[in-house]
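Student: Letter by letter, the chains look like this.
2 protein chains.
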Amino acid sequence: MSAKSVSGEAKRMKAAVFREGKLKLVRDYPVPVPAKGEALIKVLQAGICATDLEILKGYMKFEGVGGHEFVGQVVRTSEASLADRRVVGQINCVCGQCDMCSSGLSNHCRNRTVLGIAGRDGAFAEYLVLPQDNLHVLDEKLTDEQAVFVEPLAAALQIVKQVSIDKRWKIAVLGDGRLGLLACQVLARDNRSVLLVGKHRHKLLVADKKGIRVSLVDEVVGRNDYDLVVDCTGSPTGLKLAVKMVRPRGTIILKTTIAAPVECDLSPLVINEVRLIGSRCGTFSDAIEALSSGEIDISGLISRTFPLERIDEALKFAAEPDSIKVLLRMQA
Amino acid sequence: MSAKSVSGEAKRMKAAVFREGKLKLVRDYPVPVPAKGEALIKVLQAGICATDLEILKGYMKFEGVGGHEFVGQVVRTSEASLADRRVVGQINCVCGQCDMCSSGLSNHCRNRTVLGIAGRDGAFAEYLVLPQDNLHVLDEKLTDEQAVFVEPLAAALQIVKQVSIDKRWKIAVLGDGRLGLLACQVLARDNRSVLLVGKHRHKLLVADKKGIRVSLVDEVVGRNDYDLVVDCTGSPTGLKLAVKMVRPRGTIILKTTIAAPVECDLSPLVINEVRLIGSRCGTFSDAIEALSSGEIDISGLISRTFPLERIDEALKFAAEPDSIKVLLRMQA
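Protein chains in written order, with our numbering: chain A, 116 to 447; chain B, 116 to 447.
Hints in this document: simulated from the structure, not taken from any laboratory.
Heads up, a few of these hints could be off.
Just so you know, same-sequence chains aren't split out, so a pair can sit in one copy or run between any two.
In silico DSS-like pairs for lysine-lysine, Cα to Cα no more than 30 Å straight-line [claimed, not checked]:
hint, residue 1, residue 2
1, K276, K359
2, K325, K282
3, K359, K137
4, K359, K172
5, K355, K276
6, K355, K172
7, K285, K325
8, K276, K314
9, K176, K126
Just chain A, same shape as in the assembly (with noise of 0.2 Å):
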């Protein structure tokens, strides 16, 4: 093993960090220096996601620098075979210890961080740090673009090993953002009948194109027998319309995390024994595998590219309706 050191490596950079409510452009922000065991890596480019979204509206608590999607290149690192690459990192940052990593649940551990989310700076800046076991390599097959997707993709996979699909089901995805846009498509290849609901025409649009059926939110009508929906809405309406649509002891994923309580009534739940399964990030290497074999097709997905130097402009397109995703170059 070899230690890697980049000459003339910079010691501030520009990062956009989370306080007080807002996330701020700052430019001399210190570079992160790795700790035992991780790596230093030039984040390329950055997706933004509905948490970042969230957290700007208080989701977490969380100051720092943002964003947790990314692709990058590893610039400094003790593992030869890591040296120069270009990798995508899991967020989680885990103790290796508590009794959630010792039952395999280490995304669950304890003691863990997770990057731009909790108690870790994040990929919305020119570098970022993370152990050297959360890193996968990447082979030219996969582009920059296909690549900061492999994070929300492995989040989307993690709904079919929670639950393992029927091809008779009735299934319904809600929401046609990011998040949605994947999951519909997840479920599409092992069930021909799903179904995304969203608001917006041209969102739906995207769907379309790939042969997956889709509807308007008001031309559905809650008759409770869809035996899978899966809440990607972000919205504390998503939940709402889920229960109107699922069938007695069917499942509902609820993907959605949102800063805000919600008035709920949940009573549905109880009196058709419905199943709520909450649901978060998945394994990258299946997602690598479903982008590079063109399985997981992004096409249509990104909206925009911004430089990091346009972080609000971008926070701001990602915010609105029309926007699918958004990304962050962070080289100029």
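Following the hints, position chain B against chain A.
Tutor: The following block gives chain B in isolation, referenced to the frame of chain A:
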């Protein structure tokens, strides 16, 4: 098959009727007339359930004779094996035709009526009618008092039909009321560590006497380390505490149905990938067996028995924090 008819059968009866948010004793309510396939049953005793108290607050918007927990005697039937027998009855009256019925989920029949809860007069009356197929004949081993517990015990036993209990799990039951005191006994058969959490020392003592671990709710700290948490509180605070107690990837069983929507932060369910399962009615034969064998012991669970005429007083008493199960005696 011989049609049984009782000579001098009354045309009018006493019945306690939900109407406009009140339960009122009516002295000249018509004795129900059994439809084809139904039996007429003389109610001996009935139990007051948390659901009855919620109906008073508007739950299910039900109007009609209340009550769904009962033991009675068949007085008119076309089924010889039921004539004159002491029975309990499944509360869901089903069509046998819909998608739910044909897929073996008849408790979720799309066209069901539910005794004293939805579209069908209930057990707080001198007589009721139910489909003959819903009835379970009792032998002498069960007292009337035990028999009234068949319906709520079946609901408690439903938990172990929905989740297979591991001996090593850490399990908590929230709520020391009627249902919680049954649920903790059900779970303790397979898991000695079951903890019953409640607000009332003397109710917890009932479980303690049966060898179950108990704790006052104020002494419980949510550490997200329980494998299974069962919410039987009948209060919005139950789910909130359950979310704090359940471990990542753990399970919450939700038994609480309340009339009002509740404000709840469901993000921890997503972050911790918790499985929340709604749970309702269960199988009567299992409950009859568990009571007959003495596996489930109702001693200490009946707070008081009132005559039907004193239903107002009985409901008030049932709503008091100190009462456990309150019974009504129908026949003078």
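Student: Take the hints in turn and mark each one as holding or not.
Tutor: Hint by hint, here is what the structure shows:
| no. | hint | in the structure |
| --- | --- | --- |
| 1 | K276 / K359 | both (25 Å within a copy, 24 Å between copies) |
| 2 | K325 / K282 | within (19 Å within a copy, 47 Å between copies) |
| 3 | K359 / K137 | between (36 Å within a copy, 29 Å between copies) |
| 4 | K359 / K172 | both (28 Å within a copy, 22 Å between copies) |
| 5 | K355 / K276 | both (24 Å within a copy, 27 Å between copies) |
| 6 | K355 / K172 | both (22 Å within a copy, 22 Å between copies) |
| 7 | K285 / K325 | within (19 Å within a copy, 46 Å between copies) |
| 8 | K276 / K314 | within (28 Å within a copy, 39 Å between copies) |
| 9 | K176 / K126 | within (28 Å within a copy, 67 Å between copies) |
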